[in-house]
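Residue numbers (my numbering), protein chains in the order written: chain L, 1 to 201; chain Y, 202 to 656; chain A, 657 to 1035.
In short, the hints are calculated from the structure, not lab data. Check the hints yourself; a few may be wrong.
[As the list claims (entries may be wrong)] Simulated pairs of lysine to aspartate or glutamate, EDC-like, Cα-Cα distance not exceeding 16 Å:
{"id": "1", "chain 1": "Y", "residue 1": "K397", "chain 2": "A", "residue 2": "D692"}
{"id": "2", "chain 1": "A", "residue 1": "K872", "chain 2": "A", "residue 2": "D1009"}
{"id": "3", "chain 1": "A", "residue 1": "K872", "chain 2": "L", "residue 2": "D53"}
{"id": "4", "chain 1": "L", "residue 1": "K144", "chain 2": "A", "residue 2": "D877"}
{"id": "5", "chain 1": "A", "residue 1": "K714", "chain 2": "L", "residue 2": "D145"}
{"id": "6", "chain 1": "L", "residue 1": "K105", "chain 2": "A", "residue 2": "E1008"}
{"id": "7", "chain 1": "L", "residue 1": "K45", "chain 2": "A", "residue 2": "D877"}
{"id": "8", "chain 1": "A", "residue 1": "K700", "chain 2": "L", "residue 2": "D53"}
{"id": "9", "chain 1": "A", "residue 1": "K752", "chain 2": "A", "residue 2": "E964"}
{"id": "10", "chain 1": "A", "residue 1": "K990", "chain 2": "A", "residue 2": "E1008"}
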Amino acid sequence: MTVNEIHERLKAQFGEAVGPLSEPKIDAFVVVSGHKIVDVARFLKETPGLELDHCNDLTALDWPARNVIEVVYHLFSYGHRHGIVLKVEADRANPVVPSVEGVWKAANWLERECYDMFGVTFTGHPDLRRLLLPDDWQGFPLRKDYQEAGGYHGIPNTRENPLVELRRLDEKRRAERPPPPPPPPAATSNPPAAPAAPAKA
Amino acid sequence: MPVNYPPAPKFTPRWMIAVTLAAMVGIPALILGAVLLATPLLQPAVIDAALGFGPYTSPWARDLAYAVAALLLALLMVNFGAIFSGAISWYERRVAGRIQSRIGPNRAGFLGFFVWIADAVKMILKEDLVPADADALLFRAAPYFVLVGFACTFVVLPFGHSLVVADLDVGIFYVTSVTALTVVGILISGWSSNSKWALFGGMRSAAQVISYEIPAGLAIFVPVAMAGTLSMQGLIRAQGGFPWEWFIFRNPAALVAFFVLFTSQLAEANRTPFDLPEAESELVAGYLSEYSGFRFALFFLCEWGNIWVLSAIATTLFLGGWQIPGITAAQIDAVRGAGVVPSLAWWSWNALSMAIFVAKTLVLCNVVVWLRWTLPRIRVDQMMNLCWKYLVPVAFGCLVFTLFWQVGVGARPQLEVITGCVLFVFAVVLAFLFGRRVRLNIQAVQGDKFDLSNW
Amino acid sequence: MEKLILRRVDNAGEEMLLNFGPQHPSTHGVINFLVDTDGEVMKKAIPDIGYLHRALEKIGESTGYPGFMPYTDRIDYVAAMFANEGYAIAVEKLLKVEVPPRAQWLRAISCELCRIASHLVSTGTMASDIGATTPLVHALRERETVNDLLEALCGARLTYNYHRIGGVAFDLPEGWRDRVLKFLDHFDTMLVEWDRLITFNSIYIKRLANVAVITKTQAIDYGLVGPNLRGSGMDWDVRRDVPYGAYPHFKFEVPVGRGSRGTVGDAFDRYYVRVLEMMESSKIVRQALESMPEGEIIAKVPRKVKPEAGEAFSRVESARGEMAYYVVSDGTEKAYRVRARTGSFTAMGIIEDISPGLMVADLVALIASIDVVAPEIDR
């Protein structure tokens, strides 16, 4: 089935909750409203003829200009070799999206990563905690307005440029070394004897 | 900043080759020569005759002389164990290199022979580390339990016709009981390290060693029943020099019992495929995790030295020990002469018997080393399965069969001779087929060139 | 259980909470497992990742499109060619650039050689984890030759940075074809020896057969890809089923787990699929070298890569499974979002649910057979 046909089936089933197919910006996507995503997901997975059983990717995009965080679902079907891209727009101030972990178990870790990186809360997720970052990290790094906290439990996250630092240490050490002794008085008329001829000669 | 390492040498200088070869030949010659000379001469009977002890000598003097002799022999045997451990660690690393198509140690001396001495020195010089939360006394004591368990076995291990420290009546039984001290040592080391991983390793190892004592003991009964004695020298004297006179071929059950014994001894010595307690990839050295420096070296000394002990026991029980083909033990006894110091002929026969024993044991040591680098490791429950569901019933079967066999042999002695020849021929045919199989395997991979240069 | 993990201290009950990692010879990279066990049998093994998180996706938003290519190597440094290729295909989709045929053949050859190298590491370390150290050394010996070949091709042994947006960076050096064919002749016989040494060793089979069985529905549901999915009986290979690059021109089999020594989807199947895949890769490289077309090795791509606003999703069959790149562009020189979805990430997700009832030694076999590498998980 092509993406258009899948979109038609979705629209037929869910009506208003399913948006239009985006213009073919290389990979077309469909915007689905948040509160219906679990039903859409289950419909896509279980309807014979669609059977999108592979949750390929579940990630998010942060659009501060539109004040929206989009959660992107790339779905694929092994049996029918077709797929579709869904997007759910969540309010940037408090992004909450229902979890599709009950439909595809792969979403378990993918949603945890989304939570970790973007701060999207997935309701209904059995174990939503940070995955890649430590449990007590502040902030959501992949958001566009993320400011680094300047350190973690006292470990700094900046350091001086090593070239600058080593040069500074070098000069300090040179300054502390005692000055070399003055050279002996210059040689008189007799030039010093020529060095011994090399052994090879 | 560029670091100027000296360039790698292109060839070993001649003097280094000479020194290493001298050491390679000299060290074994020295230690085995010492064993050859010391073990028969430091016996009570010879001391009595040499120092003129009679019925009027005070018991203090006698005991003092015996004690000094025993201490000298103990020193000799522990040194033998330690030197053999070192040498076989070098040999194992070279063999491992060959099997893995790389070179192995080759820097410390020609062929890297001094690497075990270098390692020993390095271990001694390391920092003495005891973990803060470990049970200090037990942690320090644990390696010595294992060492004592290992060293005590040398009391009854024979090296030649009369070359044994003490030929106890209960020789083989003594060996099995003394090796159980190792279990205590391992458990203590696992517990006192105060680390969960070490505890895991200790418990696994204890379970393994204790379980495999059973099939080992049952398999030991087979030659004991055939020889009628527990003493090690007695067991060897009941066999003969020619292969068809060895116990392994004289009784079909003994052939099976040999493999049962070999497998069980591998498990008791914690060698692959039974090296779970120190499974590197799972427990990062298991019960040894917290040990470093000399204590670590002691554990490994005992593990490598155990290879000699287990091979020597297998040789004694099944492969004819030091028996020389064509010469009986009684003939060598007859050549001894009446003096305090035995005759030269006697010494030369003893030297020959020692050479035969050492050669057979070294062949088995080699097999143990091969197994380590070829086979993967089996899992705990599979190992227990193997022991209790397969080896123990098989060993029991062998024992019962042997008891009936002995009755049969008592009635018809020719039975043993015929079986000996038949099984020996069978073994030769098997060896030939094995060699052919090896050649076919190499050809399948290399074609007709048979190129060994990759080694 | 959560509080237990957060405190990383056990509750002094009968169960032990062990830290299996992050420094451990058997976890493939820096990964930690919190193992809840009461002796030998585990109640649960919870993976704890993030030790190798280098924020590559955030970096992708500031390097520009061509500048991100060396970073893709580091997403999976064991099989870096595939990461390069996936990213290049995604950006080429955005730019609507067509890759010349010679470049596609070169991509296929370099990728299949990289697959051989990666599978050698994977099967070798698996054998080493199970206790046999020799096969690892043999595998690494062969891998040295592959590394040398790839070094002659692109200058690097591990992180290649060979593919470019629009093609590849370098053409074949002189004499490279013959070297590769010589290596493949030797490699095919080495695989025979490998099988005799370890694959059909009865101890090895006993350790792996019927261990950590993952059924086909479980594998699909949990998002397993690549050899893990094929080991569970699913006949799916991106190279054959969603073809890209030069793969439609090659004939190759796709090995699928059949439960030949145990049940379908056990650790042995996943391992054996990888061994067979190495043989298939060798066939593909031979075919590619024979049928290599002449021509350009890179298409005309502008110096400043500024694709029009849009999104692209590309999939390649990496050594560890299907690696997918999701590149979002907003019309400027810097990407808006670069996302790499790797096979090892979802494979880690299944460990927690498969582990109850396994023994610690089986956990080692499970991790090794799933072939996770830390950089792919953490990015």
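To see whether the hints hold, each was checked on the structure:
no.: 1; hint: Y:K397 with A:D692; result: 12 Å, holds
no.: 2; hint: A:K872 with A:D1009; result: 15 Å, holds
no.: 3; hint: A:K872 with L:D53; result: 12 Å, holds
no.: 4; hint: L:K144 with A:D877; result: 32 Å, violated
no.: 5; hint: A:K714 with L:D145; result: 12 Å, holds
no.: 6; hint: L:K105 with A:E1008; result: 12 Å, holds
no.: 7; hint: L:K45 with A:D877; result: 10 Å, holds
no.: 8; hint: A:K700 with L:D53; result: 27 Å, violated
no.: 9; hint: A:K752 with A:E964; result: 10 Å, holds
no.: 10; hint: A:K990 with A:E1008; result: 38 Å, violated
Checked against the numbered hints above, the structure breaks hints 4, 8 and 10 and satisfies the rest.
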